[in-house]
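J.: Okay, here's what each chain looks like letter by letter:
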Amino acid sequence: MTPYGSFTFFFILAILLAPTIILGLRGKRFHHYNMFVTILALAIIFASSIQQAIALSLFTIWQVVLIKVYIHYRKNSNGDSIFYMAVILSILPLALSKVLPYFSTITFVGFLGISYLTFKGTQLIMETRDGLIKKDLPLSQLLYFILFFPTISSGPIDRYRRFAKDLEVKISGEQYKLLLYEGINKIFRGFLYKYIIGYSIQNFFINKLKFIAHSPFEHHLYYMYGYSLYLFFDFAGYSMFAIGVSYLMGIKSPENFNKPFISRNIKDFWNRWHMSLSFWFRDYVYMRFIFWMTKKKWIKNRNMLSNLGYILLFLLMGVWHGLELQYILYGLYQAFLMVAFNSFERFNKKHKWWPQNKFTHVIAIIITFHFICFGFYIFSGQLF
Amino acid sequence: MEFKQEVISLLAEICQDDSIKENPDIDLFDAGLLDSFGTVELLVQIEERFGILVPITEFDRDVWNTPNNIALQLADMR
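Protein chains in written order, with my numbering: chain A, 1 to 384; chain B, 1001 to 1078.
Just so you know, these hints were derived from the structure itself, not from any lab.
Glycine included, each C-beta is placed from N, C-alpha and C at the ideal position.
No false leads were slipped in.
In silico lysine-lysine, BS3-like type, Cα no more than 30 Å apart, as pairs: (1) K300(A) x K352(A); (2) K267(A) x K349(A); (3) K297(A) x K1004(B); (4) K358(A) x K1021(B); (5) K349(A) x K1021(B); (6) K295(A) x K1004(B); (7) K1004(B) x K296(A); (8) K68(A) x K170(A); (9) K135(A) x K75(A); (10) K1021(B) x K1004(B); (11) K1004(B) x K349(A); (12) K1021(B) x K267(A); (13) K165(A) x K252(A); (14) K297(A) x K350(A); (15) K350(A) x K1021(B); (16) K259(A) x K352(A); (17) K352(A) x K1021(B); (18) K1021(B) x K300(A); (19) K165(A) x K28(A); (20) K295(A) x K267(A).
Here are the computed distance ranges between Cβ atoms for each label pair: (21) D1017(B) x Y195(A): 42 to 50 Å; (22) L58(A) x A1031(B): 42 to 50 Å; (23) A340(A) x P1055(B): 30 to 38 Å; (24) G322(A) x E1013(B): 36 to 44 Å; (25) D1017(B) x N303(A): 17 to 25 Å; (26) F344(A) x M1077(B): 34 to 42 Å.
The task is simple: from the sequences and hints, build the whole structure.
T.: Written out as structure tokens, the structure is:
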């Protein structure tokens, strides 16, 4: 069953979470019950495909063993090659699931959510390397973090230390009331976004384009804007379900969207769109790459270094979406925008060519909006 | 007190903006003075000058946001 995909799913969720809500309102600890709910929910989500259920189990065992072994190793030593090896091994299942279908008939490596779960495993390896995770992680807590069902299919991508803090906090009945209110509010905004606005855009605009558009150019143009809005409402709606349900379970999963269409430039956009993903790439790819290069002093030119970082980040992000041409082009396009904006920003800092006022702010939002929509047009694959 | 001044002048250097010294409670990220790239430069410099190792994911922008707060965090880690 697809998470948040049908009325039945929400109905089952309401039954499973009723005890959670009662426990929460009475100020009782409920994480053990919630772990039990996670097992049931996973069984329901993956019941339709035994093959996916097996892939998920093997993946989880793989990640847990890898993390445990690496934490144990890191207590006494800190070798570079072992660290790189651990990162590669942690990404390996995802890489295989993306690449293997091109070369063979093997398709059993992947499962719903593998792209998102990989982020959780890899971040634990990196934070252990950084010395931020020193003690052995309790197995139940680690499993709960990786398999937390509200965010299993498409995020938001949480961070272990943040997640573990939520588990330790004692929530009083009064505090839970607020969480419950916020959670339900988010879930209903999710319905509005995904099943009313997103659904309408798709059914009454995108699917009717052949009656609305008068020429192929118009068709593509309308599709570009329609799809961009649809993508936002559909994914932001899903994210609200995931975050809302997390709240009901006492976990404050991070936000994924912050009004992305009022971004004033492309850098601003990446702080507002699919934030848990872009922040992951920022913290674990871009900043680490820059840090490493700065320390090794291999590239001295700051702009060149920053631009290389952007190209690396967005190419990786593109490939992560899939190996199809449209995703790689999308990554290249975003990298190009970032590099171009970087140059513009530097130019403007020197020459003060673009003034800062309300008028230019609005113009900047409009320009950025069109560049973003063109990016999603590439992403949609309609170009080919 | 001296340590705090050193941190603030390092920040002014990295942000290329001396107004920070007069306004040590300004949110560096909101004001567009510091970005990911600047943050990395800052972390490298902190390690070189003060010998304090701040892991990248320890640098939470909600806590390490103003010159005063950054100085406070660093003083704690010293």
